[in-house]
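**Q** The residues making up each chain are set out below.
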Amino acid sequence: MSAALQGLPRTVLRLHRTALLVWTAAVAALTGWLLWLNEVTAGSVLASLARCRHADMCRDVFAGLGYSEPTAWIGTLVCYSFLAVAAFAGGALIGRELESGTARLAWTQGVTPIRWLTAKLALPALAVTAGGTVLVLMYRWGWGAHRSLMGDHWSTGDVFVARGPLTVAYGLCALAVGTLAALLLRRTLAALGSAVAAMWLVNLLLTQYRADLWPALTRTSRKPFTLPAGAWQVREGRNAGGDFAVYHPASHFWPLHLVETGVVLALTTLVTTAAFLVLRRRAA
Amino acid sequence: MSAATASAAVRAPAARPRTARWLLRLHRPALVVWTALVILGAALLLWLAGPLTDAAAEGWRQYNACKWSEKCPYAQDAILRYKDVYNYLTLSLAALPFLVAAWAGAALTGRELESGTARLAWTQGITPVRWLVTRLALPAAAVAAGTSLLVFLHHRAWSAADGRVDTAKNWYDFWTFHTNGPTTVALALAALAAGALTGLALGRALPALAVSVVLTAGVWGLAQWLMPHLWPAVTRVTSLEHGYAAPYSGVDVAKGLAIRGGGHIPEPECYAATTEGCARIFRERGAVGWFHAYHPASHYWPLQLTTSAFLLALAALFTLAAFRVLRRLSGSLRAGKGATA
Numbered sequence: 001m002s003a004a005l006q007g008l009p010r011t012v013l014r015l016h017r018t019a020l021l022v023w024t025a026a027v028a029a030l031t032g033w034l035l036w037l038n039e040v041t042a043g044s045v046l047a048s049l050a051r052c053r054h055a056d057m058c059r060d061v062f063a064g065l066g067y068s069e070p071t072a073w074i075g076t077l078v079c080y081s082f083l084a085v086a087a088f089a090g091g092a093l094i095g096r097e098l099e100s101g102t103a104r105l106a107w108t109q110g111v112t113p114i115r116w117l118t119a120k121l122a123l124p125a126l127a128v129t130a131g132g133t134v135l136v137l138m139y140r141w142g143w144g145a146h147r148s149l150m151g152d153h154w155s156t157g158d159v160f161v162a163r164g165p166l167t168v169a170y171g172l173c174a175l176a177v178g179t180l181a182a183l184l185l186r187r188t189l190a191a192l193g194s195a196v197a198a199m200w201l202v203n204l205l206l207t208q209y210r211a212d213l214w215p216a217l218t219r220t221s222r223k224p225f226t227l228p229a230g231a232w233q234v235r236e237g238r239n240a241g242g243d244f245a246v247y248h249p250a251s252h253f254w255p256l257h258l259v260e261t262g263v264v265l266a267l268t269t270l271v272t273t274a275a276f277l278v279l280r281r282r283a284a
Numbered sequence: 001m002s003a004a005t006a007s008a009a010v011r012a013p014a015a016r017p018r019t020a021r022w023l024l025r026l027h028r029p030a031l032v033v034w035t036a037l038v039i040l041g042a043a044l045l046l047w048l049a050g051p052l053t054d055a056a057a058e059g060w061r062q063y064n065a066c067k068w069s070e071k072c073p074y075a076q077d078a079i080l081r082y083k084d085v086y087n088y089l090t091l092s093l094a095a096l097p098f099l100v101a102a103w104a105g106a107a108l109t110g111r112e113l114e115s116g117t118a119r120l121a122w123t124q125g126i127t128p129v130r131w132l133v134t135r136l137a138l139p140a141a142a143v144a145a146g147t148s149l150l151v152f153l154h155h156r157a158w159s160a161a162d163g164r165v166d167t168a169k170n171w172y173d174f175w176t177f178h179t180n181g182p183t184t185v186a187l188a189l190a191a192l193a194a195g196a197l198t199g200l201a202l203g204r205a206l207p208a209l210a211v212s213v214v215l216t217a218g219v220w221g222l223a224q225w226l227m228p229h230l231w232p233a234v235t236r237v238t239s240l241e242h243g244y245a246a247p248y249s250g251v252d253v254a255k256g257l258a259i260r261g262g263g264h265i266p267e268p269e270c271y272a273a274t275t276e277g278c279a280r281i282f283r284e285r286g287a288v289g290w291f292h293a294y295h296p297a298s299h300y301w302p303l304q305l306t307t308s309a310f311l312l313a314l315a316a317l318f319t320l321a322a323f324r325v326l327r328r329l330s331g332s333l334r335a336g337k338g339a340t341a
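So the sequences go chain by chain: F and V. If you count the first sequence from 1, position 141 lands on 141 in my numbering, and the numbers rise without skipping. If you count the second sequence from 1, position 121 lands on 121 in my numbering, and the numbers rise without skipping.
Since the hints were made in silico from the structure, they are not lab data. Just so you know, these numbers come straight off a predicted model, no measurement behind them. Here a beta-carbon is modelled for each residue, glycine too, at the ideal position from N, C-alpha and C. One thing to keep in mind: the hints can contain errors.
[Said to hold, decoys possible] Each pair of labels, with its calculated beta carbon distance range:
{"#": "1", "chain 1": "F", "residue 1": "137", "chain 2": "V", "residue 2": "32", "range": "20 to 28 angstroms"}
{"#": "2", "chain 1": "F", "residue 1": "24", "chain 2": "V", "residue 2": "83", "range": "37 to 45 angstroms"}
{"#": "3", "chain 1": "F", "residue 1": "200", "chain 2": "V", "residue 2": "32", "range": "17 to 25 angstroms"}
{"#": "4", "chain 1": "V", "residue 1": "58", "chain 2": "F", "residue 2": "152", "range": "26 to 34 angstroms"}
{"#": "5", "chain 1": "F", "residue 1": "254", "chain 2": "V", "residue 2": "88", "range": "41 to 49 angstroms"}
{"#": "6", "chain 1": "V", "residue 1": "264", "chain 2": "F", "residue 2": "207", "range": "43 to 51 angstroms"}
{"#": "7", "chain 1": "V", "residue 1": "145", "chain 2": "F", "residue 2": "212", "range": "40 to 48 angstroms"}
{"#": "8", "chain 1": "V", "residue 1": "253", "chain 2": "F", "residue 2": "212", "range": "42 to 50 angstroms"}
{"#": "9", "chain 1": "F", "residue 1": "39", "chain 2": "V", "residue 2": "166", "range": "14 to 22 angstroms"}
{"#": "10", "chain 1": "V", "residue 1": "221", "chain 2": "F", "residue 2": "21", "range": "22 to 30 angstroms"}
{"#": "11", "chain 1": "V", "residue 1": "46", "chain 2": "F", "residue 2": "200", "range": "17 to 25 angstroms"}
{"#": "12", "chain 1": "F", "residue 1": "70", "chain 2": "V", "residue 2": "266", "range": "21 to 29 angstroms"}
Bound conformation, chain F alone (with noise of 0.2 angstroms):
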């Protein structure tokens, strides 16, 4: 029994060394990306600017884009690496296993299903936050590096994600939530659809009422007013005060950051505990 324990880590790695690789190059790929775009393509499109400086005339207005739209895509990749995962998950890690009676017969060689379910969790958790942790560093200094060539904002749906630890807590939730739909389904194809679906649906509900997660500034006044560089406007409008804006100035960005991440790791913990609860009463 204990051989078989010392041996389960090593079968997991073994039977998902594919999708191990595919992860390992991924986050590989794209911190090359953004190595070459801050070291290399920043550098010509900021002298290409520094000429037009000195003319009136100039057509290299759209240079920065070469920068900017491939730094908006990492940006978005960085954010929904979690669909991927729920993909996973739900399909070759746990549900191809249940469909296809492996998971069954690994229960009969000295492998109880709790610690199968363990280590069927805990290497991908670790792979995940590791790449993940990879990622957001990253991220934040390429999105950091040259701001000048950049017209996002902190609050952009994905730039919001990818510059902090939510995005590894996304990944954990799409990993419980993964593994929770295959052993309710115990159908691969259709948990890695439903995990992707449910994911992305907890994505949306937290992007919709992310503002509302810290307590938003206010401001009023009879006269017209700008809001301080890099704030959030929320809502604005007009009432007895006069004109007023609903905001969160850029020093929200962590507590409102840090407070969703909070969130979703009670939730993945939730999914979790609900997903050995079934696992118990599948194995029984």
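Chain F is fixed; fit chain V onto it per the hints.
**A** Just chain V now, with coordinates in the frame of chain F:
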């Protein structure tokens, strides 16, 4: 599901196999999901074309009546809601072919080969060719019908706002162009064929799912890249002082300087202080004017139809390749039977 097919096949070996009915039974969840998606999309597009567009158009009428005056009330919410719903629907419609690719790669052929139910079916009086023909024809009909309805309704919603809602997308907008016409239907059919091919070639559901989606993305990128070159563009030459003809009003193909003798060169960088200064420098290099090759709105249908034809040709190519792979697979099946006999 696959067990149901298998047991039905075993129970009535003498009866004529009803491949179409089995296929429908086997993929009933997929058919239900697809129908639900199409109905939901159609309802949302009708909602967009009617009340949402009317409200946004009214908002823009109020806004334009303000003539830039300070604090003039207008229905901003209606305008923003229209924009959000339009963008979400356009992107969802553009994503449908990828959903088809994922399903076709995994469920249509890949899973059946992986679990062995395909080989079982081939021993029960269904020839492999007939097996694949049914597997392609019925989903192709469902995919074509569903996406055709949705692009028709999308085009209807888009034209309802054209000229009334100031933020409505141009006909040549990257996503709107495709979701307004048959290229999306053709891409969905190519995705179906690509999925069937990867499922047969790889013989495993999940790898086929991933490869099929990537292959479809490649097909889409290729079509996107070829699209402006599939129909002769209109070329306008304008004077050096005038600037480019009709910028931002169509699909750009090429821009640059027209030089003496009728040739074209790419636009050189010019850092002169005035427009006239640049014109003088360009003239010294032999330039006579700006040339701009682009597709005006009248090229919408030729571009749509040529791009669709290209995508359908790729779909045919994938289908042909799928049958070739199938012949190899069923050939090995026959060889195996011969060896055991």
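**Q** Compare the structure with each hint and give your call.
**A** Cross-check of the supplied hints:
{"no.": "1", "hint": "137(F) to 32(V): 20 to 28 angstroms", "verdict": "44 angstroms, violated"}
{"no.": "2", "hint": "24(F) to 83(V): 37 to 45 angstroms", "verdict": "39 angstroms, holds"}
{"no.": "3", "hint": "200(F) to 32(V): 17 to 25 angstroms", "verdict": "20 angstroms, holds"}
{"no.": "4", "hint": "58(V) to 152(F): 26 to 34 angstroms", "verdict": "31 angstroms, holds"}
{"no.": "5", "hint": "254(F) to 88(V): 41 to 49 angstroms", "verdict": "29 angstroms, violated"}
{"no.": "6", "hint": "264(V) to 207(F): 43 to 51 angstroms", "verdict": "47 angstroms, holds"}
{"no.": "7", "hint": "145(V) to 212(F): 40 to 48 angstroms", "verdict": "42 angstroms, holds"}
{"no.": "8", "hint": "253(V) to 212(F): 42 to 50 angstroms", "verdict": "47 angstroms, holds"}
{"no.": "9", "hint": "39(F) to 166(V): 14 to 22 angstroms", "verdict": "41 angstroms, violated"}
{"no.": "10", "hint": "221(V) to 21(F): 22 to 30 angstroms", "verdict": "24 angstroms, holds"}
{"no.": "11", "hint": "46(V) to 200(F): 17 to 25 angstroms", "verdict": "24 angstroms, holds"}
{"no.": "12", "hint": "70(F) to 266(V): 21 to 29 angstroms", "verdict": "22 angstroms, holds"}
The structure is inconsistent with the numbered hints 1, 5, 9, although it conforms to all the rest.
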